[in-house]
Amino acid sequence: MADQTEWQDELPLIEAETVEDRLAAEALIVDVDGYEGPLDLLLMLSRRLKVDLRKISILQLAEQYLAFIAHARDLRIELAADYLVMAAWLAFLKSRLLLPPDPSDDGPSGEALAAQLAFQLERLQAMRLAAAQLMARDQKGRNFFARGLPEQVTRHRSYRYSANLMDLMQAYARVRTRDEFRPYAFDRVDVYTMDQALERLRKLVGPLGSWADLEGFLPDGWRAQPARRRSATAATFAAALELAKSGAIEMRQSEIFAPIHIRGKA
Amino acid sequence: MTSVLPPDEPSLFAAPSPAEQERMVEAMLFASAEPLSLRDLQDRLPHGSDAAEAVAALRRHYSGRGVELLRVGEAYAFRTASDLGHLMAREMVELRKLSRAAMETLAIIAYHQPVTRAEIEQIRGVAVSRGTIDQLIDLEWIRFGRRRMTPGRPVTYVVTEPFLDHFGLESARDLPGLKELRAAGLLESHAPNDDTAPERRLSADPEQDDLFDNE
Amino acid sequence: MTSVLPPDEPSLFAAPSPAEQERMVEAMLFASAEPLSLRDLQDRLPHGSDAAEAVAALRRHYSGRGVELLRVGEAYAFRTASDLGHLMAREMVELRKLSRAAMETLAIIAYHQPVTRAEIEQIRGVAVSRGTIDQLIDLEWIRFGRRRMTPGRPVTYVVTEPFLDHFGLESARDLPGLKELRAAGLLESHAPNDDTAPERRLSADPEQDDLFDNE
Numbered sequence: 001m002a003d004q005t006e007w008q009d010e011l012p013l014i015e016a017e018t019v020e021d022r023l024a025a026e027a028l029i030v031d032v033d034g035y036e037g038p039l040d041l042l043l044m045l046s047r048r049l050k051v052d053l054r055k056i057s058i059l060q061l062a063e064q065y066l067a068f069i070a071h072a073r074d075l076r077i078e079l080a081a082d083y084l085v086m087a088a089w090l091a092f093l094k095s096r097l098l099l100p101p102d103p104s105d106d107g108p109s110g111e112a113l114a115a116q117l118a119f120q121l122e123r124l125q126a127m128r129l130a131a132a133q134l135m136a137r138d139q140k141g142r143n144f145f146a147r148g149l150p151e152q153v154t155r156h157r158s159y160r161y162s163a164n165l166m167d168l169m170q171a172y173a174r175v176r177t178r179d180e181f182r183p184y185a186f187d188r189v190d191v192y193t194m195d196q197a198l199e200r201l202r203k204l205v206g207p208l209g210s211w212a213d214l215e216g217f218l219p220d221g222w223r224a225q226p227a228r229r230r231s232a233t234a235a236t237f238a239a240a241l242e243l244a245k246s247g248a249i250e251m252r253q254s255e256i257f258a259p260i261h262i263r264g265k266a
Numbered sequence: 001m002t003s004v005l006p007p008d009e010p011s012l013f014a015a016p017s018p019a020e021q022e023r024m025v026e027a028m029l030f031a032s033a034e035p036l037s038l039r040d041l042q043d044r045l046p047h048g049s050d051a052a053e054a055v056a057a058l059r060r061h062y063s064g065r066g067v068e069l070l071r072v073g074e075a076y077a078f079r080t081a082s083d084l085g086h087l088m089a090r091e092m093v094e095l096r097k098l099s100r101a102a103m104e105t106l107a108i109i110a111y112h113q114p115v116t117r118a119e120i121e122q123i124r125g126v127a128v129s130r131g132t133i134d135q136l137i138d139l140e141w142i143r144f145g146r147r148r149m150t151p152g153r154p155v156t157y158v159v160t161e162p163f164l165d166h167f168g169l170e171s172a173r174d175l176p177g178l179k180e181l182r183a184a185g186l187l188e189s190h191a192p193n194d195d196t197a198p199e200r201r202l203s204a205d206p207e208q209d210d211l212f213d214n215e
Numbered sequence: 001m002t003s004v005l006p007p008d009e010p011s012l013f014a015a016p017s018p019a020e021q022e023r024m025v026e027a028m029l030f031a032s033a034e035p036l037s038l039r040d041l042q043d044r045l046p047h048g049s050d051a052a053e054a055v056a057a058l059r060r061h062y063s064g065r066g067v068e069l070l071r072v073g074e075a076y077a078f079r080t081a082s083d084l085g086h087l088m089a090r091e092m093v094e095l096r097k098l099s100r101a102a103m104e105t106l107a108i109i110a111y112h113q114p115v116t117r118a119e120i121e122q123i124r125g126v127a128v129s130r131g132t133i134d135q136l137i138d139l140e141w142i143r144f145g146r147r148r149m150t151p152g153r154p155v156t157y158v159v160t161e162p163f164l165d166h167f168g169l170e171s172a173r174d175l176p177g178l179k180e181l182r183a184a185g186l187l188e189s190h191a192p193n194d195d196t197a198p199e200r201r202l203s204a205d206p207e208q209d210d211l212f213d214n215e
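Protein chains in written order, with my numbering: chain A, 1 to 266; chain B, 1 to 215; chain C, 1 to 215.
Check each hint, because a few of them may be wrong.
Pulled a few chain C residues facing chain B out of the computed Cβ check, cut under 7 Å [unchecked claim]: (1) G66; (2) R100; (3) A101; (4) L164.
Lysine to any residue pairs mimicking SDA-like chemistry, simulated, CA-CA at most 25 Å apart [as the list claims (entries may be wrong)]: (5) K265/A / F217/A; (6) K97/C / A163/A; (7) K97/C / K265/A; (8) K97/B / L59/A; (9) K97/B / Q135/B.
No lab work stands behind these hints: they were computed from the structure.
Yeah, the Cβ is synthetic: ideal placement off N, Cα and C, and Gly gets one too.
Let's have the full structure, built from the sequences with the hints guiding it.
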C-alpha cells in the first residue's frame, strides 16, 4: 500500500485535481508519441524514481508503466502496439516477481528477466550519455578547422591506351563484316554445285558438233587442287548426264576409266 | 591499373636528410584538407625516406602551436588548436543538427562496432528508420563493415575516418568513456551473470567479436 | 567544448602575449579560405594585439620550412615552399581501353586513309561523333590529311607516325587485308563472295590515294 501511494506521488499529474492540472496531465500522456518506444518511456519513468538504475526496483517500474498505460487508455489515447506488448510483458514479469518460483518451470526466473530489463535500461541510458559526450566534443568546423586554402595536388593523368594491333584489326573486321552477317550455315568452300556445272555446260556446249573431253569443261580454278577438282568433276559429270537425258548432248566413253567425251546435239 | 610514378624518380642517390623529409611531409600535410595516411606520404616521398619518423618530428614541432598535427585513425592532418576556435567564426560551417535518433544510432555504432541494424534496434528499443542510417552514411560518418557470419549474413556498420576526423578522435578506442562502459559490461548484449544469456556478446561471430578490430 | 586555457588568457585588461598572438594568427591564416590582410587579422585578434608583429614573427618561424607564409598583395597566406612544388603534382599513368567507336574509326582511317568523315560514317554505318575524332587526334594517332578535291572540299584523316609506332607497323600498308584477317580467324563470318577487294580504296581522288605522301 505504501508503494502504491509512493508511485502515485511520482505521477502527480494523474491525480490532478484542477482543470489545469488535468489538461497538463493529458498533455503529458498525449506526449506518448514523444517517446521513442516503450523502452524510452520506461527509462523516463525510471528517472522519476530517482534511484541508481543498478538498484532500481523493476517491480515498482513495471507498476508505474502499467499505471501509465492504463491511464492513457482511460483517456482513450491510441497506443502503439509495442506499448501494449510491453505492458503485457511487464504484467507477466510482475506476476513472476510476486509469486514464488515454480520449480517445474525451467524458464528464466523473474529476477533474471528483471535484471535483463534493468540492464537494457542502463545500456540505453549509457548510450544516450555517450551520444551527448560525443556531441559535446570539439568538432571540426566548429571548434577546430582544416586548412581553408588547400592546395590541390595536381594530377597529371596521362592515359595510355592499351589498344594493340589485334584490337585494331578486329575492329576493322567487325566493321567490314557487319552487313555480311548471316545466320550460321555450314560453309562448303570447295564444292562446285551441279547447278553451277549445268549453267556452265549449257553455255559452253551449245550447238557445236565435235567431241570434247568432259575434263575440259571444268571451270578455271577448279583443276589444280584435288578437292576442288573432285567436286567440279562430279558436278560436271552429273550435269552432263542431266543434259544427255534431256537430249541436249551426247556422251561416249571408249572403255572403263577412259576420258568421257561429250558433244552438243544440233 | 593506376601506377603512380613518384615525382622524384627513385634514384640511387641517398634519401633526403631527416630535416628535408620533415619539410616535405609538412608541405604535403599542410596542403591537404583531408587526412593523409602514412602510406600516402611514403608514396610521395623520395625513395629511402621514412614518413613515420618525419611525422613524429613534425608533431613535436607543432605541439602547442596554433596549428597542430592530429592523428586520425591511420592518417594525419593539421588542424587548428581547438582553444582558438572562437577566432574562426568566419570559417564555421553550419553543422547539420542530428536528430536524437541519429545521435544515439551514431553512438551505438561507434561504441558497439561492428554492429547490425537489429542490434541497434535492440539497444534503442525501437526500429531504426531508414533515413537515420542514410543520413549517417551521407555524412560519411558510418559505412558498411563486414557481414556478420550469422543466419541471413546481416550487414554491420562501423564508423569511418571522417567520423574520427570530425570529432577529433585518434581512433575509436579514444571514444569518451569507452573503458568505463566496457568495464561496466554495458557494451554486452546481456546483463552480467545473466542466466538467460545464450551468449555473452552481441556478436555471435567470434571473428568479429573484437571491437574496432577492423580498420 | 574543451577550453584549454593558455596561461595568458586574454583578459579585459591585457592583450595576449606575443607568442599567443602568433598562435592565433597562425590558426587564422591556416583556416582561412582566402589570404587575410593585416586588417582582417587585427580585427579578429583580441584588443591590444599587434597583427603586424605576429605576422612578422610567424614568417620568421616558417622561414625555411616546408610551408611558407607569403605575402599576396596586401594579404598573407600559407603556401607550400616553392622548392617543394613537385610534391604537389602526381604523375599518374592510367591504362585505358579505347572505346569501340574510337577503335573502329581508327581502324577505318588506317585501312582507308586518306578518308573523310562522311566516308567513315558510310563504312561504319553510324555517325562518328566529334569527340571520337578529337580523341584520336589528341592521342596523335590521326591527323588531318589534304582536303579532298570534291565539292565541299572535305578534310581527310590519315594515321600518323606515332600511330605506326604504337601499333608496331612499318606503314599502314602492312595492315593485313580482309582475306588475311579471315585466314587468321579474326573475322566472325565469311563474306558471301570471296572476291571483294579488302583494301579497296574509297578515295575518289587518285592523287591523294598515296599513303603518307602529304605533308
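Status of the hints after comparison with the structure:
1. G66: holds, 3 Å
2. R100: violated, 19 Å
3. A101: violated, 21 Å
4. L164: Hint violated; L164/C Cβ to chain B Cβ min 25 Å, cut 7 Å.
5. K265/A / F217/A: holds, 17 Å
6. K97/C / A163/A: holds, 6 Å
7. K97/C / K265/A: This hinted pair is violated, its Cα atoms lying about 68 Å apart.
8. K97/B / L59/A: violated, 38 Å
9. K97/B / Q135/B: The hint holds at about 11 Å.
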